[in-house]
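With chain A fixed as given, assemble chain B onto it according to the hints.
What follows is each chain in one-letter form.
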Amino acid sequence: DTGVSQDPRHKITKRGQNVTFRCDPISEHNRLYWYRQTLGQGPEFLTYFQNEAQLEKSRLLSDRFSAERPKGSFSTLEIQRTEQGDSAMYLCASSLVAGAGSPLHFGNGTRLTVT
Amino acid sequence: AQTVTQSQPEMSVQEAETVTLSCTYDTSESNYYLFWYKQPPSRQMILVIRQEAYKQQNATENRFSVNFQKAAKSFSLKISDSQLGDTAMYFCAFISQGGSEKLVFGKGTKLTVNP
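Here the protein sequences come in this chain order: A and B.
Using our numbering, the letters of the first sequence correspond one by one to residues 1 to 115.
Using our numbering, the letters of the second sequence correspond one by one to residues 1 to 115.
Just chain A, with the same shape it has in the complex (with noise of 0.2 angstroms):
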């Protein structure tokens, strides 16, 4: 169990640049979460992948962002045209789907500055 990667650990880019973020999931978990942490808050919720298919959207993933897990095994989230509001530790988790109360595994995450 190498546990769940993220990559880059950080990130500075400019207003109106696109980013794309890497999560590899601990290999045998079929459910892949992404989720936004901002300083002082809990992480909320983004997005979520069983094996490839992509079952649930936050309505805070607005149209400059999109995630793929297209062989259900990494997965990418991008931000295009990005703007300072998207600084934020964004975190990507896997589970086993053995029902809701599966634990999720977290990454370290990657930290997005937009200046």
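Keep in mind the hints are simulated off the structure, nothing from the lab.
Heads up, the beta-carbon is just placed ideally off N, CA and C, and yes, glycines get one too.
Among the hints, a few may not be true.
[Said to hold, decoys possible] Anything over 12 angstroms on all C-beta distances counts as not near chain A; from chain B, calculated: (1) VAL13; (2) GLN14; (3) THR24; (4) SER28; (5) GLN56.
[What the hints assert, rightly or not] Beta-carbon label-pair distances, calculated as ranges: (6) B/LYS55 <-> A/ILE12: 39 to 49 angstroms; (7) A/GLU56 <-> B/GLU15: 38 to 48 angstroms; (8) B/SER42 <-> A/ARG22: 19 to 29 angstroms; (9) B/PRO115 <-> A/LYS71: 46 to 56 angstroms; (10) B/GLU29 <-> A/LEU96: 19 to 29 angstroms.
Chain B only, in chain A's frame:
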């Protein structure tokens, strides 16, 4: 929509003493799970303890235990024999069983264990 409230933004405790973190939630669901997650400084979030709503018995994990009051919609975390390594943000979280498969977090409580 489910909400989770943690009314204590910060708490501190002396090493070896006991501390209780509060959490209340709001839901119309009858079947759900509750969690406490720990996020140490600059480290990934990890599961501390989980409680199934249909179980009356309070969950325990070594020094960590919960007081689950379903009617009051309260889910507090007790940490006994506090250790310096318990210093972290603690998040209470809720997920319904059979409904939306997203984990809803509170804003967190910053716990500092003092030597």
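Hints, verified against the model:
no., hint, verdict
1, VAL13, "holds (21 angstroms)"
2, GLN14, "holds (25 angstroms)"
3, THR24, "holds (14 angstroms)"
4, SER28, "holds (16 angstroms)"
5, GLN56, "holds (16 angstroms)"
6, B/LYS55 <-> A/ILE12: 39 to 49 angstroms, "holds (46 angstroms)"
7, A/GLU56 <-> B/GLU15: 38 to 48 angstroms, "holds (42 angstroms)"
8, B/SER42 <-> A/ARG22: 19 to 29 angstroms, "holds (20 angstroms)"
9, B/PRO115 <-> A/LYS71: 46 to 56 angstroms, "holds (49 angstroms)"
10, B/GLU29 <-> A/LEU96: 19 to 29 angstroms, "holds (22 angstroms)"
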